[in-house]
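J.: Read off the chains here:
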Amino acid sequence: MKFGVVVFPGSNCDHDTYHVVSKVIGQPVDFIWHKEEQIDRFDAIILPGGFSYGDYLRSGAIARFSPVMRSVRQFAEEGGLVMGICNGFQILCEAGLLPGALLRNRDLRFICEHINIRVERVDTPFTSACEPRQVLSLPIAHGEGNYFCDPETLDALEREGRVIFRYCDAEGSVTDESNPNGSLNNIAGICNSERNVLGLMPHPERASESLLGSSDGRAIFLSMADSLREMIKLRA
Amino acid sequence: MDITPELLDQHNLTEPEYGRIKELLGREPSFTELGIFSVMWSEHCSYKSSKIHLRRLPTEGECLVQGPGENAGIVDIGDGWCVAFKIESHNHPSFIEPYQGAATGVGGILRDIFTMGARPVASMNSLRFGPIRDEDSTGDESGKIIQRNRRIMAGVVKGLGDYGNAFGVPTIGGEVYFADCYSLNPLVNAFALGLVRREQIFYGKAEGIGNSVIYVGAKTGRDGIHGATMASAEFDEAAMEKRPTVQVGDPFAEKLLLEACLEAMRDGAIVGIQDMGAAGLTSSSCEMGARAGTGIEINLDLVPQRETAMTAYEMMLSESQERMLIVSERGRERQVLEIFQRWDLDAVIIGRVTGDQRLRVVHNGTVVADIPNVALTDEAPRYDRPQIAIIINTENVEPKITAGLKKVETEIRAATRTQVMTEALRRLIVSPNLASKEWVYRQYDHMVRTNTVVLPGSDAAVIRVKETRRSLAMSLDANGRYCRLNPREGARLAVAESARNVVCSGARPLAVTNCLNFASPERPEVMRSFSETIDGMAEACLAFGTPVTGGNVSFYNETEGRGIHPTPVIGMIGVIEEARHTTTQWFNEPGETILLLGLTRGDLGASELLMTLTGEETGAVPTLDLESEKAVQNVCLTAIKAGLVSSAHDCSDGGLAVALAESCFSSYRRAAQGASIDLDAHAAESDQHDVASLLFAESPSRIILSAKPENIAEIEKLAKEAGAACVRIGEVGGSDLTIRLGGEMLIEASVESLETAWRSALSFHLDRPAQMAAD
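Residue numbers (our numbering), protein chains in the order written: chain A, 35 to 270; chain B, 3 to 777.
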């Protein structure tokens, strides 16, 4: 099993993600430089948070054209696990691997704080270790996290159970007050129809060690590791 | 070209200074040389008014690896790891252009850190603005001024956030204060800290004659020309015309520069490196030569340029951001160039190290500047500027406090003293100085790099060092109000508070950086307060054994003849030996006993209470007894390390009542706690029976501890041995904060209502629709 963490020049959560995969859940992991195209040695790819290419135009708008993204697309089409965190989610949307877009936050400011999300589905390789409707306390840190899509897409996401995480209060109720950025239907994370590509705005890697206040995010990385183990077993 | 008095004036050079330039050169300077002298001899770069005083600061200590004089100070934290840290002002540009001024302030300080080979892992900032509350407005234009203060604050906070967030350094703490004198002179001091292996430290030295000088990073443009000169003069009504002297920041370029520099350093081909900050290409080249006793010759035709037809003068004085000058070993240049190309950055050999100790600049095939390095560095002017005695304020503010409380009583039609004192507490915690700064730090990514162990809001910010068992605590502290009334005492108090904050988080104070913000040094009373500040700082730093490793002086914070309070900002760092020692200010659980270390005196002069009740900044500032301070800090730290303490909180601005309320408020994943306090024993121990003083006096050397009942005796024993006062004052529990004295209830309030008011105060003043419309 091998995880790959993509390094765009402006990625700044790459080391954090690497640290959690290698030191906290103890799985093999390597960095993937954004100019690289050979990524078939990996079993799961993580697009970390940051500001891929500066993101002065629109978050992720340039990253979608990078060499590594061509390979990531192919990797995903072949069923590989791809998770985009924060900027990674924005890139997945820009690249068309996930529907919709992340607009500027409702109050037009960058927001960094701990929020709660409810796990809506546990039938994905990213949430299999979670309890249904489990509430996770994770940090967000973004200026553009306001999830938006057209009504048909939203309908399809809801109908197909592809909304994986929703902002909620500490008790798990999905309310306006618990929506930090104005996202439609309090959406914090979605997956593709094949359920092997996940994007989420909160940072599970920042909440994977109790020393940092919360280790709720660990469940996501553990789910991925479990799922990979299964996938590898099936392949064999 | 003719050097006229007008030209000298434009360059902020005096006639005698010009005479000295001719003497050092043995001839008339060229226009380019005049520009070079003007920036290098500017107050900002030369420290010409401060240098003779700065020598009095203690700069030696066991942990010290690099003291003042380099891009940043460095101390050893054990296990082969060192910390590079520094604070720097970006006040002038932030007034002219808040967003970019603040953003480039962060950019500059981060480069100072990674130029030493250290990866920045934390940043903080100390901010001061004019009033932002409608009710603080007096006079005709004041409504407009308050609107402008809000815009400056919003722009500065966004600028600091956007740069640090994109770069990927967590902004984990700092301070924000408001006072009239900062209306036209906002203060923006940016602090950064980085980690480096002891053997991986790099210096700004151009060693090795024949080695290559490489320019890396962003291209040179016409932005920021004379930025350093601009920052070395007071502003007048035409200040906004100076907007083009403010540079534009590009955090993405900085991030690339960081990664490329660290990679090239690891590679071993770099001999010396320096950031092109103030005075850009000029300061980096002559200072690197001066430090190594060598010279540097550069050819401007080779410098990557963003604009066409730039003159030598413009290129030498440009302060375009995100650039570095590197000296590379001869023959290994290719290695360096390849790394920078990999990160898509310009990297060009523009010159070489020479043996003649001169800065030589060639442009279009001719030598346009040829100056001995020392003329720009060691031989820059030094002034012992005139000082006059200042009057230390000793006013007894008791009558004013009494009248102020009386006014509160009338305003709220209070029937009891409980109501008056509770209302006073409420007014204090919603005042912008004491209100929650969540509005600010929510805009900063304070968790990236996953090291932030204590989230913003506690006494000191704490990050873990992943590579060791240790954590680092850091705090920025200043009190301009105290320093105006008594500069020496104010400086001593700032150092003591900074150390106390670090101690409260479980750390041993290690070393200090500082940013000295003052008005014009040409005014003798300002110069005296500067000199007094240095003496106060020196005395306190010596007492705590915390050497000053560097810092920054910002003079001329003065607009239209109005200057700021003397505002020395102290940045203290400390080491937490074991992660489990990390302590926060928040009461943990019901049943814990609350202790107060130290004594309360009648210190209401210059207090937040006086300001809140009367709007006046006057009175005698508290007096610090360094021995009692050290005793209190030692007890606190020893008790924390022995595992006896549940929470520790410095008791300062706003006094005991405010500090207790802060300890009650909720924090991440921790519910708010109530507390019932009885001050009888503390009043007796302090021999202090004035109610306002007991609740709100700002006596230094006090710490609120909470601990499990079974640990109390042990803590009291430690205090007794150290000769520090230590009294039980109450218990954690319930949902109210109550404070009693002699059976009388002085304060009674629900913690929830206090917290809501405290948390929403800044947002109330900064987020209203009227404000948005004005933008």
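The set of hints was computed from the structure by calculation and includes no laboratory data.
Some hints could be false.
Unchecked claim - Listed next, with one range per pair, are the computed distances between beta-carbon atoms:
#	chain 1	residue 1	chain 2	residue 2	range
1	A	91	B	526	28 to 36 Å
2	B	295	A	91	43 to 51 Å
3	A	64	B	211	40 to 48 Å
4	B	295	A	90	54 to 62 Å
5	A	91	B	390	51 to 59 Å
What the hints assert, rightly or not - Selected chain A positions facing chain B (in silico; Cβ < 8 Å):
#	residue
6	52
7	111
8	183
Ideal Cβ placement from N, Cα and C applies to all residues, glycine included.
J.: Next step is simple, just say for each hint if it's right about the structure.
T.: Right, here's what the structure says about each hint:
Roughly 53 Å separates the CB atoms of residue 91 of chain A and residue 526 of chain B, a value that falls outside the hinted 28 to 36 Å. The hint said 43 to 51 Å for the Cβ distance between residue 295 of chain B and residue 91 of chain A, and at roughly 47 Å that hint holds. Between residue 64 of chain A and residue 211 of chain B the beta carbon distance is about 43 Å. The supplied range of 40 to 48 Å therefore holds. Range check, residue 295 of chain B to residue 90 of chain A: about 43 Å between beta-carbon atoms, so the 54 to 62 Å window is missed.
Residue 91 of chain A and residue 390 of chain B have their C-beta atoms about 57 Å apart, which keeps the hinted 51 to 59 Å range intact. A distance limit of 8 Å between C-beta atoms decides the matter here; for residue 52 of chain A the minimum to chain B is near 11 Å, and the interface restraint is violated. The closest approach between the C-beta of residue 111 of chain A and any C-beta of chain B is roughly 29 Å, which is over the 8 Å cut-off, so the hint fails. With a cut of 8 Å, the hint placing residue 183 of chain A at the interface with chain B is violated, because the nearest CB-to-CB distance is about 26 Å.
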